[in-house]
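Novice: The lines below spell out each chain.
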Amino acid sequence: MSSKIKEYPGTGLRESDFREKKVLFTEWKPNARYAWDAGIAIGRYLAELKEGRILGVRCRQCRRTVVPPRLFCEWCFRPMDEWVHLQDHGVVNTFSLCYVRWDMERIAEPLIPAVIEIAGASPGIGIMHLLGEVDPQKVEMGMKVQAVWKPAAERVGAITDIRYFRPMKS
Amino acid sequence: MGWRKVAVVGAGMTKFVRRAQETGKELAFEAAKMALDSCELTLDDVDGVALGSAPDAFDGVHMKGEYLTDGAGAWRKPFMRSYVGGGTGVFAPIQGWYHVASGLFDVCLVVCEEKMSSCQPHPQGAFLTIFDHTTERPLGPNLLWIFALEMNRYMQRYGLQKKDIALVSVKNKRNAADHPCALLADPNITVEDVLQSEVLAWPVQRLDVSPVTDGAVALVLASENVAKRVTDKPVWIKGVGWSLDSAYWTNRDLYYPKYVEYAARMAYEMAGIREPRKEIHIAEPYDPFDYKELHHLEGLLLADKGEAPRLTAEGVTARTGNMPVCPSGGLLGVGNPIAAAGLMKVAELFWQLRGEAGKRQVPGKPITGLAQAWGDLMQVGTVIILGIGG
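Heads up: the protein sequence lines correspond to chains C and B, in order.
Each residue of the first sequence is one higher than the one before, starting from 87 at the first, in my numbering.
Each residue of the second sequence is one higher than the one before, starting from -13 at the first, in my numbering.
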């Protein structure tokens, strides 16, 4: 703000003004529903998850094997060349111990989201998932983790067919 | 070069508040009118309007850009809304720049408005939809996840401690004590306060983050012939740059924002800057989280990789240091109304370079400054360089 200007517009309200309805407002609750097509590449990814396998895809030009799979290489801008079955384990690239939900409500036991580099994909190529069956304070980067699958009969073709990843037993 | 010189000739902003009584349209009007008044222009002088605002989901108003037009001074004028997530606040003046640089307009009003408080119970709900609907959203993510994942990766890569990073929050919240529009100023805050604040998503704690905010900022951009008529102190836009990385964010190493480097290199080349650390006198990198200021200083080539925390600890980035960083107080101190927060940084450079920043004025008569914003899925860098003289 310029030192030449002495008056600043903008009226701050307190949370209590709102809660106690000291100010006027209108409320609305949208009922928004969507059905998203999985698409060609992710459709196949989901179908393979249902079978208990993680699918990647390879570009022969840049020689990357990536996951989640995609129909085209965004680097080379050409169709991908081959589907590749990856391992259902990998290493923790990074993680967080999250004590809040999406609506900022607090939770006592942290969720542990992580980026997991999947074995069989190119170095540094990972997916986002959750870690489980682990002491939150003992999670570290570089830790080897293994997918914990839902039983075959419960799998529906979704990323949640993997419940979470847990530390690998050596 | 194939473009005309463009100057910033006026600026205005509202207070940044947690919840404003004003509507978005009213906030936009207040900032835009102040910007025009500051350079004694009227709406008749404005050829077109470039507006920046974050997702419609915050406001629950579809086509929010169109809704805001009347308050943004766009009645019966060429109007353009641009949006690249948190990067919008520096992206919008870039749109304004090429409207004038191209010769299409002589005067372009740039308005950034954000009213995040409308979304209940918390705008986090609106942020959910940035994650991939099939491969990520079923895991129940929230926006803090990606910041925490990136921050942790950055810390691990360089062996940083939370206390190294908390210094940024302390610096910016203290700087904001001199900003009359600031929401989060605290002249007495200490590193201990940050380290003892609630853990939200480790390593992110409450005082590492700037919360949701309402507010608006506006700039007036003008061609050289207009600028020289309306002011003795035009502040020139010397360079602009922007770059977007892949949305496959789990396929990139988050420790370094390569896309910010690309954006910065584009802007430095345009501005003829070869040695940014000597030639940039003030930096306003995007700081929605304290580690982001450090991450961005490195991406902007203003610090060696992993060295930004040391510069902070040594006071180099203090308002009186050799390279003042976020002398405004930044998002951590002034507040974080997404698009408006980015444009606030550009406005701060305008006031600093004209010597009008009052108690926030950095010493040494700076002549060149850089502002940067960032956003989407750890994905976009937007950079603008302003300078006086030349």
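Take the hints with a grain of salt, since some may be wrong.
[Stated by the list, open to error] Straight-line Cα separation of at most 25 angstroms, BS3-like style, residue types lysine-lysine; simulated pairs:
| # | chain 1 | residue 1 | chain 2 | residue 2 |
| --- | --- | --- | --- | --- |
| 1 | B | 219 | B | -9 |
| 2 | B | 264 | C | 90 |
| 3 | C | 136 | C | 230 |
| 4 | B | 345 | C | 90 |
Hints are computed from structural coordinates only; laboratory data are not their basis.
On a predicted model such as this, the values are computed, not experimentally measured, just so you know.
Novice: Next step is simple, just say for each hint if it's right about the structure.
Specialist: For each hint, the structure was consulted:
At roughly 14 angstroms between alpha-carbon atoms, residue 219/B and residue -9/B fall within 25 angstroms of each other, so this suggested pair holds. Under the criterion of a C-alpha separation no larger than 25 angstroms, the hint pairing residue 264/B with residue 90/C is inconsistent with the structure, at around 30 angstroms. Of the pairs offered as hints, the one joining residue 136/C and residue 230/C holds, with about 23 angstroms between alpha carbons and a cut-off of 25 angstroms not exceeded. Restraint check: the Cα-Cα separation between residue 345/B and residue 90/C comes to about 12 angstroms, which is no more than 25 angstroms; the hinted pair holds.
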